[in-house]
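In order, the protein sequences belong to chains A and B. Count along the first sequence from 1, add 6, and you get the number used in the working numbering. Count along the second sequence from 1, add 2, and you get the number used in the working numbering.
You can trust all of the hints, since none of them are fake.
Some chain A residues near chain B, calculated using beta-carbon distances under 7 Å:
| hint | residue |
| --- | --- |
| 1 | 96 |
| 2 | 99 |
| 3 | 105 |
| 4 | 112 |
| 5 | 113 |
| 6 | 117 |
| 7 | 290 |
| 8 | 298 |
| 9 | 301 |
Derived SDA-like pairs (lysine to any residue); straight-line CA-CA distance at most 25 Å:
| hint | chain 1 | residue 1 | chain 2 | residue 2 |
| --- | --- | --- | --- | --- |
| 10 | A | 98 | B | 58 |
| 11 | A | 98 | B | 113 |
| 12 | B | 8 | B | 168 |
| 13 | A | 98 | B | 291 |
Worth flagging that the hints you see were computed from the coordinates, not collected in a lab. Each residue gets a CB set at the ideal place from its N, CA and C atoms; glycine is no exception.
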Amino acid sequence: MELVPYLILGLLEGLVTAAVLSLMALGLSLVFGVMRVVNVAHGEFFMVGAVLAWQIASLFEGHPAWGFLAALLVAPPLTACIAVAANQLVLKRIEYDPERTIVATIGLLYIIQQVTLMTYGPDARPVEAPFNQRLSIPLVEWTERGLSLYWPWGLGTTTYKLAVIMAAVMLLTGIWMLMTRTRFGLLMRATQLDRETAQAFGIPVGRVYAAVFGLGAALAALAGVLIVPIQQAHYLMGHDPLLLSFIVVIIGGLGSLPGTIVAALLIGISDGMISVFFSPTLAKIIATLGVAFVLIFMPQGLFGKRGL
Amino acid sequence: MSEIRKSWGLHIGVVSLLLALNFILPDYHHGNLARVMVLACYAMGYNILFGYTGLLSLGHALFFAAGMYGMSLTVQHLGWSAGPAIIVGLASGLAMSLIVGILSLRTAGVAFMIVTLMFAQAGYLAALYFGEYTRGDEGFVIQKAARQIGGIDLSDPMNRYLAALVLFAVCLFITLRVVQTGFGRVLVAIRENEERTRMLGYDVHRHKLLAILLSGTMSAAAGASYGLLFGYAGATFASVQYSIFPLLWVLLGGAGTVLGPFVGTLFMFYLIDLSSDISTAYMLIAGLTLVLLTLFAPQGLVGELRRRTLRWLP
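Pulled out of the complex, with its shape left as it was, chain A reads as follows (with noise of 0.2 Å):
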C-alpha cells in the first residue's frame, strides 16, 4: 500500500483523539483557567465517566442506542457531583493552595482509582455503539481513461467515529456560547480576571469556584462517554488522556480556550500520524520531552497571555 491512505488513516485516527481530547483539555483548562489550581485527578473524572457509562448501558436491553443515550445524559451529570463533593470536601478547606491541591488531587486521583477497582473490578468492558457501520474511503487515482475513483484495503472509518468528532465540534460550541453568551459565563471570565474584585461585586466566588470544577470534571466524564465504544472502559484508563490534556492545555497555554483547541488537533493528529509510522511508546517520548522544553523555554505557551 502506498503513503496516501496511511496518511489519510491518520488523519481520521487523530482527530478522533483530538475531539476527546480537546473535551477533557477544555476542562483541565477552565479549571486552572478560573480556579488556579491543576487538578491531577482529571484522568480519573475521564474514567469514571468511562465506567459508569458501562454501568449504565448494562442496565437496558435491546437496542444499543438507549442504552448510550442515557449514559450520555447521566454519566457526565453524576461524575460532576462527584467531583462538587470533593471540591466543597478537600479544595474549599485547603483554600486552593496550588501546591496542597496537587497533592490532594493525587490522593483523590487514588481514591477515585481504587475504589473503582474495589467496586467494578480490574476488567475492560466495552459499551456496544449505538450505530457503528463501516465507512470505506475512495481515493482519486490517474488512469489513461482520465480520473477515477479506487478503495484502498483498509482504509476507511466508522459512522460512530465521524459521530465523535461531530459531537466534539457542537459541544466545543456550546461551551463557548456558555463563556461569552451567558449570565454564567461571565461571572466565570468575572472570577477568572480577577477573584477578589469579583467577590467584592457580590459575585457568590465559591459557588463559581464549585460549578467549574463540576463542569470541569463533567466534560472530562463526556469525553470518556464518548470514547468508550471504541476503548474499552478500565480503572487504568484515565492515565494517559491525564497526560495528553496536559500538554494540551500547557501547548495551548494555561487557560486559553482558542490555544486549547488549536493544540488538541495539533497533538491529536501528530499523535495519530506519529503512532502510524512509529511506536507510541517513542510517540510519547517525544511529546512528553516537548512539553517539558516548551515550559521551560516559553512558559506562557505556544498561545496564551499569561505565564504560570
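We have chain A already, so just place chain B on it with the hints.
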C-alpha cells in the same frame, strides 16, 4: 546540653536502636525494616529538596531509577562487579540531576512540578522503549553471584540489613550535618522567602542546583542499593507512583525534619502491609492518607511533635 549535641545524641541513638533490632527482630520484620531503611534514604534525598529547599518535584523516580538502572545494567550487561557498579549508579544519578536541575530551575512553582513530572515520565517511557535491555515492566533479577562487595554476600539477610543500616546512617548524618551548616540554613531561607534571600546576597540559583544534585544523588544511592540488596530492577520503580511515594512519606513523617522521612516511610510501609491483607486496593490507603494529611496535619508526624513539644528537633 546544647541543641546540636542533643540532636546528634538523638540520631546516633536511633541508629544504635536499629543496630540492636538487627539481633532481636523476627525474620519477616527484619526483612521489612531493611527495605524501609533503603526507601527512607530515598525519602531523605527527596526531603532535602522538598522539605528544606521548598521545591516540590514530581519526578524523583527518575533519580531513583537512574541509580537502579545505572547499577543493574552495568552488572547485567557489562558484567561489572557490584562495587564499581554502585559508583556508576551514583554517577548516573548525579548526571541526571545535573541535567534536570539546570533545565527545570528555569521554572518555578507549578511549572517546576510539571516539568519534573514530564522528565520522569520520559525516563519511564525510555525504560519501556529500551525493553531489550531493561525488560520493561517485567524487569530482571540480579543474580545472587553478582550481589557481593569485597566478598560480603549482600543477599544474606543479616549482611543485607547491616548494609542497609550503613547506607541509612550515612544519609541520615549527611542530612543532619547539612541542616546544621550555613548551606542548609540558606536552603531553609530560600524555602521561607526566596526574594529576601537573594537580597541578602546569596546565590539562590546555585544553592537550589546544589540541593537538587545532593537530593538526586541520594535518591540514586537508594535506588542502586535497593536493586543490589533485593536483587531486582524493573520499570515500575521509574513510574509516576514512585515519584509520588517519597512525597507521601515525607509529608507523613514531616517535611523539613531529619527523622521525618524515616518515620513516614516506616509508618506508610506498615500501613500498606497491613491493609493489603484486607484488600487488593491498597493504594486507596495511600490516597486517603494524602488527602487527610493535606487537610489536618500539613506538618506531618515529626513536624507536629516539633511544633508541640520538642522545638529543638532539626
